[in-house]
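Visitor: For the record, the sequence lines run as chains A and B. Numbering follows the numbering used here, with no gaps: position 136 of the first sequence is 177. Numbering follows the numbering used here, with no gaps: position 117 of the second sequence is 158.
To be clear, the hints were calculated from the coordinates, so they are not data collected in a lab. Hints are supplied without guarantee of correctness; some may be wrong.
Note that the list lumps identical chains together, so a pair holds whenever it fits in one copy or between two copies.
Computed list of lysine to any residue pairs in SDA-like fashion (alpha-carbon distance at most 25 Å, straight line) [stated by the list, open to error]:
hint, residue 1, residue 2
1, 273, 297
2, 156, 129
3, 201, 234
4, 156, 127
5, 301, 158
6, 273, 303
7, 301, 387
2 protein chains.
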Amino acid sequence: MDSRIREHAEILVDHSAEIEAGDNVVVSASSAAEPLTLALCEVIGERGAFPFHVSYRTDRTRAAFLRGIESDALDLPDHELALVEASDVWIHVRADHNVADIAGVSGETMSAFRKAHAPVREEILDTTWVLTQFPAPANAQNAEMSTEEYEDFVWSAIGKDWQAQYEHQQQMVEILDAGEEVHIRSGDTTDLTMSIEGMTTINDRGKNNLPGGEVFTAPVADSVEGEVLFDKPLVHQGHEVEDAYLRFEGGEVVEHAAAKNEDVLTDVLNTDDGARRLGELGIGMNRDIDRFTYNMLFDEKMGDTVHLAVGRAYDECLPEGESGNDSAVHVDMIVDMAEDSVIEVDGEVVQRNGTFRFEDGFEG
Amino acid sequence: MDSRIREHAEILVDHSAEIEAGDNVVVSASSAAEPLTLALCEVIGERGAFPFHVSYRTDRTRAAFLRGIESDALDLPDHELALVEASDVWIHVRADHNVADIAGVSGETMSAFRKAHAPVREEILDTTWVLTQFPAPANAQNAEMSTEEYEDFVWSAIGKDWQAQYEHQQQMVEILDAGEEVHIRSGDTTDLTMSIEGMTTINDRGKNNLPGGEVFTAPVADSVEGEVLFDKPLVHQGHEVEDAYLRFEGGEVVEHAAAKNEDVLTDVLNTDDGARRLGELGIGMNRDIDRFTYNMLFDEKMGDTVHLAVGRAYDECLPEGESGNDSAVHVDMIVDMAEDSVIEVDGEVVQRNGTFRFEDGFEG
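Isolated chain A, as found in the complex (with noise of 0.2 Å):
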């Protein structure tokens, strides 16, 4: 075996997830994913916890039932939730034999599927989580690079210094929790601003994220205005959607248009009221992820990103006891900050053309 592979399933079960004796832990990965699978399942014994694997979101034999199923069908699946329920851990793994293969169910269905699963994933949300990837042929193939490549491109972004990186990331983390207002500005294209007053900014170092590298919050749901255009293509369930734009109003989108894909856009804003707000304000402080490669979970991390999710806020961004934006979708679309762009808090400037106000270089 790789013994980056033996790395990777050590970070996932130590850093990650902090795994002890006697932990209830789903592995939730499909057969492309089986190297670490199978080293996880190994790692986690001896931690003396106990792994079940599933294949809860193999695309594969989700887009085969869904293919079978009537839409108005679509129902909660007790057991699923059952599961998740009396687990304390759930490591999903991604890994595609063909990461288009959910591109045959349509958008009606998909969001149908969303709202009937919805308690599924936010009972998820409620275990120690972690989102990985495994570097599958399928998957090195829509990075545009070879298996060997991207074998070598995942494992740096997580065989990584978290502690160096979280330190890194504080100190944006410092900026936003004391700040009101956030404007973002990128060519003539992009001009929005927003309030995080209240909001608690997260620092991500490796842990729901494997790899990590962002720091996060949730905006003021009412308070967004202004538009967007995400000029990073954003895959949804096998569909690439290029150029997405938004015009917001009072939080809401009240207008959407794309370049292509266009209706892959319109079903997720229509999944439900939540779904046509914003849910997320992420930037990504990664350096050493220094490619896009069509992949959310690396590309949201890169250093001149900035990146905004439609749909439900994370739990841990918010005042306590207070419920954010919710929505039975989270769709993540990215902002190339590299060029012409700048991110003002409450009229500072804190980052211009993807440098921030704390590294070399920087000009003010």
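Dock chain B against the given chain A, drawing on the hints supplied.
Guide: Same frame as chain A, but now just chain B:
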């Protein structure tokens, strides 16, 4: 897709499990069974039911876990139990990448695992459960057949007229239900008596096992006397046990031996008290299974065989409200009845040299 895969899925869903709209279904299968898993997810969806794909018994992930954990850390995994408790139907598809993947795990660890896991297995038996086989290459290899030959063998045994098979078997059910004492003799090596008074005989027509094709009941636990040589090999956890021999007194195994891997047999018998008593008497009646394939799901259904299982009895064989022999194991072993053999019920010969009293060529 081979149309026989779709047919296999439909028989499982409609005949074996009788899945209805709204059922919560678990499809437990390794990646070696992927074509059937996909067909099952689609057909289950068509019926308006909800498939959840897990790899509960993928021996490679289980072996990895058991390599990692210390025997004394093994415990009941609550999340697996919760999943089963909330499930209506459990379909387990056998299919291996390597039938010996579990062989590296010690008998002691396997015994500890089986004990810790017993409540999960009990709960599965309370669902509508089906066990079947997908003809994966490693299973064909184990059967000493080409993959194509093995596909023909498996799908011929499965794609039967199950109503006709039921009627054929019912003749033997009536003999056993009316009988009290069973006497099995084969050559000089097997001479065993047991009482089946008050027990119910089950007509296996492809419900819990696909293929089906046997009738079985539970011996009265204390009534088994005599000796038996299982002249067909038993494959247990990847180890082949040859010429297993058991001698019973007062229902209990008081002596045992095997020509090969006797220690595997010893570990089974030492699991718990119930592992030293018989839980099942089964009589194979499927004439379409015409050769041994080192796979109990098929071998025990052959027309010229009797099988006995040490360990747990099936509740359905027992008088209402009575609990039968209890154990964490249920391990079947086969006696070849083709030559110099008889089955007697209450002193009357009901099978001689593999031919039943109600079949052509019977010599009373």
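Visitor: Among all the numbered hints in the text so far, which are the ones the structure does not match?
Guide: 3, 5, 7
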